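Residue-level listing of the chains:
Number of protein chains: 2
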Amino acid sequence: MIETPYLLFLGDAPDALAAKVAQGIKDWRPEASLGQYRMDGCNADMGLPDMTILQAVDAGCKTLVIGVANRGGVISDAWKTVLVEALDAGMDIASGLHNLLGEESILVQAAERNGKTLHDVRIPTIEYPIANGKKRSGKRCLAVGTDCSVGKMYTGIAMEREMVDRGMKATFRATGQTGILITGDGVPLDAVIADFMAGSVEYLTPDNDDDHWDLIEGQGSLFHVSYSGVTMALVHGGQPDALILSHEPTRKHMRGLPEYQQPTLQQLRDTALPLAKVGNPNCKVVGISVNTQHMSEDEANAYLAKVEAEMGLPTVDPFRHGAGRLVDALATI
Amino acid sequence: MIETPYLLFLGDAPDALAAKVAQGIKDWRPEASLGQYRMDGCNADMGLPDMTILQAVDAGCKTLVIGVANRGGVISDAWKTVLVEALDAGMDIASGLHNLLGEESILVQAAERNGKTLHDVRIPTIEYPIANGKKRSGKRCLAVGTDCSVGKMYTGIAMEREMVDRGMKATFRATGQTGILITGDGVPLDAVIADFMAGSVEYLTPDNDDDHWDLIEGQGSLFHVSYSGVTMALVHGGQPDALILSHEPTRKHMRGLPEYQQPTLQQLRDTALPLAKVGNPNCKVVGISVNTQHMSEDEANAYLAKVEAEMGLPTVDPFRHGAGRLVDALATI
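Sequences listed follow chains H and L, in order. First residue of the first sequence? That's 29 in the numbering used here, and the numbers climb one at a time after it. First residue of the second sequence? That's 29 in the numbering used here, and the numbers climb one at a time after it.
Just chain H, same shape as in the assembly (with noise of 0.2 Å):
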């Protein structure tokens, strides 16, 4: 688990795209986020107090977090001055990127010194079980994706928050690195001994209320065929009571795969469904989440009207519109 709240680390990111971690932590953890620390050259900015370590400290800051990708995969010198600096002054330092923290001697020695942590969040720090199949209390909502980096990540967040200002219970469970280090704990899924991976969704959504919601980050998706089998993986080890169908209309083909194309939401459904019945035979879809960033308001309203119209189920961009009738929807579980 990794302490909040947090002072948003942006380096010398180059551009707005470079720091979209950093964004999405402050989208979805603003009351974690109290400051970014900016060094020289960078040109991201995610409108937080801009702060020097000592003063980061001072505002409670626990962890700096790398919220940037490193250029070349190297932690340059001038990040560890600053890493060093943070482990010093009393902060634990957490980091999705490729290279790790653990990985750097001058920040282990540093952590080390100080009694201080270093989470890298890329690579599993447990063994996780092989996957049991029980039937596990409590519910579970799972977003599966036409294509990899549709918005899944965000559909699970939006519904999360939604479900907890209505009251009900429920739990966002990160998959990924960023989700890892929007809510501070999850199961880095991608970096999962092929054997475990099941096993380590079992794990990451165990018994439950039975009133009690876990929205189960999405990976991947069973038409990538670069990534199907971490998807499929959640779909047996999520056991989902709940499909959302993800979608992002204006992809020319599949994320990294120039030859493949996108299947249609009817064909991503008549596939999932069946094979989410294996482990859950009362699965149901029940909603479509719709990432229409590259598109007008116009636009937006007039693709999600027709898609309601030929699937027979609420469509929504949950962080366009709000996530309130994906969630209605579970209702109907």
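Think of the hints as simulated: they come from the structure by calculation, not from any bench. Check before you lean on any hint, since a few could be wrong.
No copy labels: a pair is met if it fits in one copy or bridges any two.
Unchecked claim - Here are the computed lysine to any residue pairs in the SDA-like style, where the Cα-Cα straight-line distance is at most 20 Å: (1) Lys305 <-> Gln294; (2) Lys90 <-> Asp43; (3) Lys312 <-> Thr299; (4) Lys90 <-> Glu59; (5) Lys305 <-> Arg164; (6) Lys144 <-> Glu31; (7) Lys162 <-> Tyr288; (8) Lys280 <-> Gln295; (9) Lys305 <-> Gln295; (10) Lys48 <-> Met67; (11) Lys54 <-> Met29; (12) Lys280 <-> Asp43; (13) Lys162 <-> Glu287; (14) Lys54 <-> Lys312; (15) Lys163 <-> Arg283; (16) Lys108 <-> Gly195; (17) Lys163 <-> Glu287; (18) Lys280 <-> Asn160; (19) Lys163 <-> His281; (20) Lys305 <-> Glu287; (21) Lys305 <-> Leu285; (22) Lys305 <-> His281; (23) Lys54 <-> Val85; (24) Lys144 <-> Gly52.
All values reported here derive from a predicted model rather than from experimental measurement.
Please build the complex by placing chain L on the supplied structure of chain H, with the hints as guidance.
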């Protein structure tokens, strides 16, 4: 690549089942299985010449292969004495045990001292790529099962042997520990990191002659909730042109999952084929392999005839009756 020929180490196997890895090697690589090494208390017998370490080296054995499961997951001192003797005498050692050879300092030292290799086929030794989904030349056949351990590996090897006997170009591609020890090469798919599963299968089955067939070893089952993600990676990373449905009709429930029943062969076909078509739109289901080891000859023949009539596909037990009709069926691709 593991050097042949082999000395099969049966250790102190309490019964024949404990030595099933050795049995698989002896069944499928008889020409590479020069002898067996049995210790006091060994109740397994491959019918091979019993050899001392020195006799095995004199006979030309290059690798001692551990063909027996170790008790309690521990490599005993009695075993280590023999294994060190083998390394000192000039043999490599290959093992699929969970307890890695490379974790035993006495074996590591003996290997270094003699310039010999310890092959732990349980774990990957190379970094596999992310799958790119690009169409590869050559043809591929994959067995998919109603459950784990229903005869997928035997089906693949039996087909390869039949094809080689006919003068066809064919290669069995191992994806599990026993298969790797039988062929001397392969990918231990269950131990690969999630994101690289499909990529490891692409790596295993590269471009080849247009009239060459890879017989890819299947793993798990799309209907086995513990391992379905691994199966999915084979279906998409393998880009099979031909699927064989594999079944064991006497099983009472899914292996290790008492609450789950096997799907029907119709369900398996209707699930696996559309998923395989994502990666290869021309994929076909060409035949059915049934493991009839727990049925009498009459029962087996009646069952095979019934399934063949119901499914309209050549249906055989390749271990009992040969894989000829399955190989014939590939001609329809």
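With identical chains treated as interchangeable, where does the CA-CA distance between Lys163 and Arg283 reach 20 Å or less: within a copy, between copies, both, or neither? between (34 Å within a copy, 17 Å between copies)
First find the shortest C-alpha distance between Lys305 and His281 inside one copy, then the shortest across copies, and answer within, between, both or neither for a cut-off of 20 Å. Between copies only: 17 Å across chains, 29 Å inside a chain, cut-off 20 Å.
If the cutoff is 20 Å on CA atoms, where do Lys305 and Gln295 land: within, between, both or neither? Let me know, please. both (16 Å within a copy, 12 Å between copies)
With identical chains, the pair Lys280 and Gln295 could be close in the same copy or across copies; at 20 Å between alpha carbons, which is it: within, between, both, or neither? Intra 17 Å, inter 33 Å, cutoff 20 Å: intra-copy only.
Is the C-alpha distance from Lys90 to Glu59 at most 20 Å within one copy, between copies, in both cases, or in neither? within (13 Å within a copy, 64 Å between copies)
Pop the pair Lys280 and Asp43 into one bin, within, between, both or neither, using alpha-carbon distances up to 20 Å. neither (24 Å within a copy, 59 Å between copies)
Quick one: Lys90 to Asp43, C-alpha cut-off 20 Å, is that within a copy, between copies, both, or neither? neither (26 Å within a copy, 58 Å between copies)
20 Å Cα threshold - placement of Glu287 relative to Lys163: Cα proximity of Lys163 and Glu287: across copies only (9 Å, versus 39 Å in one copy).
Between the shortest in-copy and the shortest cross-copy C-alpha distance, which are at most 20 Å for Lys54 and Met29: within, between, both, or neither? within (18 Å within a copy, 50 Å between copies)
Please sort Lys144 with Gly52 into within, between, both or neither, judging by C-alpha distance up to 20 Å. Neither. Shortest intra-copy (25 Å) and inter-copy (51 Å) distances fail the 20 Å Cα cut-off.
Since the copies are identical, ignore which copy is meant and state whether Lys48 and Met67 lie within 20 Å (CA to CA) inside a copy, between copies, both or neither. Within one copy only: 17 Å inside a chain, 61 Å across chains, cut-off 20 Å.
For the identical chains here, do Lys144 and Glu31 meet the 20 Å Cα criterion within one copy, between copies, both, or neither? within (11 Å within a copy, 48 Å between copies)
Checked against the numbered hints given earlier, the structure breaks hints 2, 12, 14, 16 and 24 and satisfies all the rest.
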